[in-house]
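Residue strings, one per chain:
There are 2 protein chains.
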Amino acid sequence: MFKINENYLKLPGSYLFSTIAKKVAAYTEAHPKADIIRLGIGDVTQPIAPAILEAVHKATDEMGTSQGFHGYAPDLGYEFLRSVIAREDFQSRGCDISADEIFVSDGAKCDCGNIQEIFSLDNRVAVCDPVYPVYVDSNIMAGRGGVYDTVTERFSDIIYMPCTAENNFAPQLPEETPDLIYLCFPNNPTGSVLTKDQLQQWVDYANKNGAVILYDAAYEAYISEDNVPHSIYECQGARTCAIEFRSFSKNAGFTGMRLGFTVVPKDLKCGDVMLHTLWARRHGTKYNGAPYIIQKAGEAVYSPEGKAQLKEQVAYYMKNARVIYDGLKAAGYTVSGGVNSPYIWMKTPDGMSSWEFFDYLLERANVVGTPGSGFGPSGEGYFRLTAFGTYENTVRAVERVRGI
Amino acid sequence: MFKINENYLKLPGSYLFSTIAKKVAAYTEAHPKADIIRLGIGDVTQPIAPAILEAVHKATDEMGTSQGFHGYAPDLGYEFLRSVIAREDFQSRGCDISADEIFVSDGAKCDCGNIQEIFSLDNRVAVCDPVYPVYVDSNIMAGRGGVYDTVTERFSDIIYMPCTAENNFAPQLPEETPDLIYLCFPNNPTGSVLTKDQLQQWVDYANKNGAVILYDAAYEAYISEDNVPHSIYECQGARTCAIEFRSFSKNAGFTGMRLGFTVVPKDLKCGDVMLHTLWARRHGTKYNGAPYIIQKAGEAVYSPEGKAQLKEQVAYYMKNARVIYDGLKAAGYTVSGGVNSPYIWMKTPDGMSSWEFFDYLLERANVVGTPGSGFGPSGEGYFRLTAFGTYENTVRAVERVRGI
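Top line first, the protein sequences correspond to chains L and C. Residues 486 to 889, numbered by my numbering, are exactly what the first sequence covers, in order. Residues 486 to 889, numbered by my numbering, are exactly what the second sequence covers, in order.
Calculated directly from the structure, the hints in this document are not laboratory data. Nothing here was measured: the structure is a model prediction, and the numbers come from that model. Possibly wrong hints are sitting among the right ones.
Here chain C is said to cover these stretches of chain L; the calculated rule only asks that three of the stretch's residues, wherever they fall, bring their Cβ under 8 Å from a Cβ of chain C [to be verified]: (1) 488 to 494; (2) 533 to 547; (3) 554 to 566; (4) 640 to 651; (5) 766 to 773; (6) 784 to 792; (7) 829 to 841.
Glycine included, each C-beta is placed from N, C-alpha and C at the ideal position.
Excised from the complex, chain L in its bound form (with noise of 0.2 Å):
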């Protein structure tokens, strides 16, 4: 008789996302009229921009002519995309990285909740507190978890890292020594970041004790200010010691296009063995490549059109951030984030919790936002709300919320 992978049961409820998406579901059909805002989920809502649509057409025609058709993408992604990659987002900023070390993929979640597969079932794994869920829940459907505590909400395997007001919701190094470190920066859900000599010490660390950083830059077309890295590759060091995840979502508002990347440094091994080997083959495997006509329209990412456009999506996310965090601290608010990053960390009022903030929120004002709890323990008492929306919805939720 088959049986299941039991470490899917650990898991503590639904995916935060699906919870939120059935709760907003379930109050949409009891409230037909509800004008529902949504600041939740980190979902973008500006249309494509010209130059990559252009791009998309064009690769459209392509693919209906026996000369243009593409079949099976090469393992690791075209090359056109890889090198336009490796120049722009890595070596312009002074990063020793190759377009051989860039993985194409459909989505940086998918490569940041698939990576754990290339290392041993043994390894300690280290998260911040809060975190973005994928992280965790990959690690205990693996069985990395140990067991779930569900006073403390913590599993008895995972290494917390506390980021707190307390610490400027910057992690401190680990008691306990990780083999793995997942770090997000600007931060998912907190907003915050890390200045370049702060993330030096976690490359040294982890260069030092034989760990690997798992770094999820997601966020980055969002840095605003000086000294904050980009890619951990402006550290030195990172090579023998750090993976970088990338995403066109939130750069160029792909999240309905799919399309990411992730960076395997050749200088990064256990013994002999290359981790880029381990990942080349996982991709050649299990993966068969990102569509042609998604590789062409990330590649318009980067054209001089594609730049621009982009850059003035990013200001207009930017500008909401502002109007939330201004808007929100103007009301007597406590909030971070929101400079460097689309997301507003608040503290949420009169000691609500976070899920009774969430509720309140969605009944009074009919804006969804995530509860802070969602992404762990630390998280409690703490509400995120994106920059994602349009602009006219973002002065209306701000003032909604300060009206209730």
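Got chain L sorted already, so can you dock chain C onto it with the hints?
Positioned in the frame of chain L, the structure of chain C alone reads:
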């Protein structure tokens, strides 16, 4: 110090098609003027059909407007696609499958590779031999392989079911009882099929023994004979024992578009736990949906225009299959497949090994095929040719093979 997943090191060599690509690249570099015809990897060559291109252009235009922009897709795929799949591929054939049992993905390869995650590591896996490498490799990577024997070229914990000329390339019920049974019909690589009665025996066997059949029906569009089932759900009782994988790659030429789906009936349970719930959780946690414009392309596959155009495309490839089959047979080769399948399975001449014949054919005829031994030890002495080339190239390739 972090450790890697040592199971990856058990994999013998690289992924088959990566190896072939490298061999061909090396040959091309050494012989830049060689006019190579590729009938190796199962990649299509006909352009995307006009009805599908039109749908992609339209969806792309939508993505450029505020009203038509689509961000994150629903976890399991858009309703418009899932419902047309349920109706056209299943209900129209009398299969009791509903839209919410369909999981849309970026391809059958990914789903075939990932499905094993929801099962226990203790489960025993049975595969046909020869077999599409993804089934075996993904289980080796997870740790279900045991020890590799370099003499038999088999893993100790995998149950191999030889498919040879003696059993007409149809596997027999295994002596050891497996928990997970991978079946692929029309078969890759042999091109053989099971009749409905034969498949019913497998369904009965699985239900009796508490096994799950992982049924890959990626080539169902090529079935030309009656009494060959297009879906395993044409068999009585399959809802309690079978998961089915489908692809748009071969019926609609989507190898470079990336779209597929998996059917997990809600009646398929381990105790109280529905596999549907586990697979939904995997999708929700580690996947973010196929691109909107690609799902729209998939919808167009089922439009009257799309269906008519794709019927022609499949007929085009089947004409190639006939050219290969008849041509090689007339030349005295032993061939099978090609009737309900785009694959022709030929015996290598003069007792050559599969890789010897690969090299021989590449050098003497500049024709690329796939060595049968790359699909498993029982494929040794065989060679796979595909009907997915152009008609002109297929005719030329067969002439060349006949001439050597």
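Those earlier numbered hints the structure runs against, lowest number first: Going through the list in order, the structure violates hints 4, 6 and 7 and respects the others.
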